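Colleague: Work the whole structure out from these sequences, hints included.
Chains as they are written, first to last, in our numbering: chain A, 54 to 283; chain B, 54 to 283.
Since the hints were derived computationally from the structure, they do not count as laboratory data. The model shown is predicted, which means the values in this text are computed figures rather than measured ones. Treat the hints with caution; some may be incorrect.
Said to hold, decoys possible - What follows is a list of derived Cβ distance ranges for each label pair: (1) A:G81 - B:Q67: 23 to 33 angstroms; (2) A:E89 - B:A231: 16 to 26 angstroms; (3) B:A84 - A:D203: 53 to 63 angstroms; (4) A:T86 - B:R232: 35 to 45 angstroms.
What the hints assert, rightly or not - If you want a taste of the chain A side facing chain B, the calculated C-beta under 7 angstroms gives, among others: (5) A132; (6) I218; (7) A241.
The C-beta atom is built at its ideal place from N, Cα and C for all residues, glycine as well.
Protein chains: 2
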Amino acid sequence: MPRSQPYHHANLRQVLLDAAVARIGEVGPRAFTLREVARRADVSHNAPYRHFASKDELLVSVAAEGFDRLIASMRKSMARGKSPRERLELCGCGYVDFALRWPHHFLVMFDLPRPANDCEPSHAAGENAFAVLLECVTAAQAAGELPASDPLPLAWTAWALVHGIAKLAIGGNLPLSARATIAFTRHASQTIFRVPPATHPAQPLRKSSQAAKDEKIKGARASPRFSRSL
Amino acid sequence: MPRSQPYHHANLRQVLLDAAVARIGEVGPRAFTLREVARRADVSHNAPYRHFASKDELLVSVAAEGFDRLIASMRKSMARGKSPRERLELCGCGYVDFALRWPHHFLVMFDLPRPANDCEPSHAAGENAFAVLLECVTAAQAAGELPASDPLPLAWTAWALVHGIAKLAIGGNLPLSARATIAFTRHASQTIFRVPPATHPAQPLRKSSQAAKDEKIKGARASPRFSRSL
DNA sequence: AGGCTTATGTTGTCACTGTCAACATGAATA
DNA sequence: TATTCATGTTGACAGTGACAACATAAGCCT
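Modeller: The following block contains the structure:
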């Protein structure tokens with residue numbers, strides 16, 4: 054379908070997507086309207102239907118783009134890390150940071166269009182994000198900075214923690230500023246990664262330093278049919 | 054406003070609320086419609102406007118009722134615990150269990166109507182839920198089963214963890230059944246509570262037992278203007 | 001009792017939305 | 001050059017949230 058960019062409006066699809074992302078960032082996904090997006094793009098209502106089967110399908114695409122940006126945020130944040138363990142923690146901070154900057158977009162990505170087809174629908178991008186996290190975990194394990202157990206429970210735990218922090222912070226349920234929320238993310242990550250999960254015997258663990266502020270976890274997403282371990 | 058139950062329809066408000074809760078449980082908050090609720094209650098559209106200023110206000114009330122049920126779920130789950138620490142963990146399982154049983158309702162409670170008035174709007178019920186959690190944490194601290202540090206960071210961490218597990222599981226992002234999700238919640242809780250947060254020196258910690266399955270965290274919600282500690 | 005006020009519910013209406021069908025247009029292709 | 005098909009437009013329809021005007025019955029006050 055994605056020809057080059059011939060025709061009338063020269064790649065409308067992307068223009069619509071951008072307008073949708075912007076609009077959602079402004080008013081949120083509930084007030085968000087297909088027709089308004091069309092207006093912004095200076096096309097008639099119904100023009101979007103040549104590129105998206107429905108409003109929900111547009112939202113799915115918006116979500117996909119969000120996952121790309123989320124991955125970018127995590128990767129950028131990780132880059133500052135000097136050890137696998139630190140990169141893992143910074144990865145989580147990148148996750149929370151993205152969520153705080155684009156709360157509406159984040160909501161669309163995780164809470165909006167249960168896309169009918171059950172298993173792993175639009176999750177392609179989400180899987181990539183989860184892959185980044187898993188990468189961090191296994192790297193830390195390989196470096197001996199994390200117990201060499203099944204990485205999945207570890208990754209899930211870390212993911213759930215940062216995701217929970219992000220959602221609660223967005224909802225205004227944590228009485229913390231954005232900065233403090235990031236700092237808290239580091240703190241909480243440290244708590245989690247300090248000790249191996251109960252199921253698996255410990256392995257050498259480095260205490261990163263004192264306490265203060267600068268910790269991270271990781272974050273990602275996907276619903277692959279991993280071999281379960283619990 | 055809540056007189057006895059005189060008038061035409063004998064306490065419509067509650068009928069509408071029940072219908073709304075039911076409808077949201079069926080089709081979710083996006084497909085949910087004021088007019089449909091009115092139909093179910095056998096009143097004209099616009100009848101709801103005598104009891105709720107807008108659709109969003111109805112949703113806020115639905116959310117409030119959800120928090121009551123959430124608290125009930127946590128309390129019921131806690132009741133089985135034999136030690137403060139175990140009760141804390143079971144509290145978290147009750148949290149996740151509620152979310153898995155009523156995913157739509159859960160979404161309304163945490164992700165829907167940013168209720169205009171900034172600070173702590175409909176959070177009255179949410180504060181109560183958070184209070185339950187905080188109770189559990191301080192009880193465990195008093196029993197020496199948790200480090201006697203500031204309970205807030207501990208409570209936030211635990212809350213974020215179970216909230217994250219709940220949201221991810223609802224979204225189908227954890228490849229785990231409902232049962233396995235609860236078991237994983239216990240597992241992850243154990244991981245978290247096993248060691249004091251980095252900021253505060255450790256205190257005697259009981260290793261509850263081996264590994265297997267039966268752990269919990271806790272869960273709650275609120276956005277009180279607590280004195281922050283991070 | 002009678003009359004006022006007010007809480008409650010109804011009818012009618014409006015702008016707006018998502019979606020469908022029918023039509024128009026211009027690019028690529030034969 | 002004629003055909004075809006991707007793209008965009010116009011027009012319509014049912015359904016929605018919200019408002020205004022109206023109807024009714026409960027409660028209250030002499």
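Colleague: For every hint, state whether the structure bears it out.
Modeller: Do the hints match the structure? See the list:
1. Distance hint check for A:G81 and B:Q67: the Cβ-Cβ separation is about 30 angstroms, which falls inside the suggested range of 23 to 33 angstroms.
2. For the hinted restraint 16 to 26 angstroms between A:E89 and B:A231, the CB-CB distance of approximately 39 angstroms leaves it violated.
3. Between B:A84 and A:D203 the Cβ separation comes to about 39 angstroms, which falls outside the hinted range of 53 to 63 angstroms.
4. With their beta carbons about 41 angstroms apart, A:T86 and B:R232 fall inside the hinted range of 35 to 45 angstroms.
5. Taking 7 angstroms as the C-beta cut-off, the interface hint given for A:A132 is violated, the closest approach to chain B being about 24 angstroms.
6. Evaluation of the A:I218 hint against chain B yields a held restraint, the C-beta minimum of about 4 angstroms falling below 7 angstroms.
7. Taken as an interface hint, A:A241 checks out: its beta carbon lies about 5 angstroms from the nearest beta carbon of chain B, inside 7 angstroms.
Of the numbered hints stated above, those contradicted by the structure are hints 2, 3 and 5, listed in ascending order.
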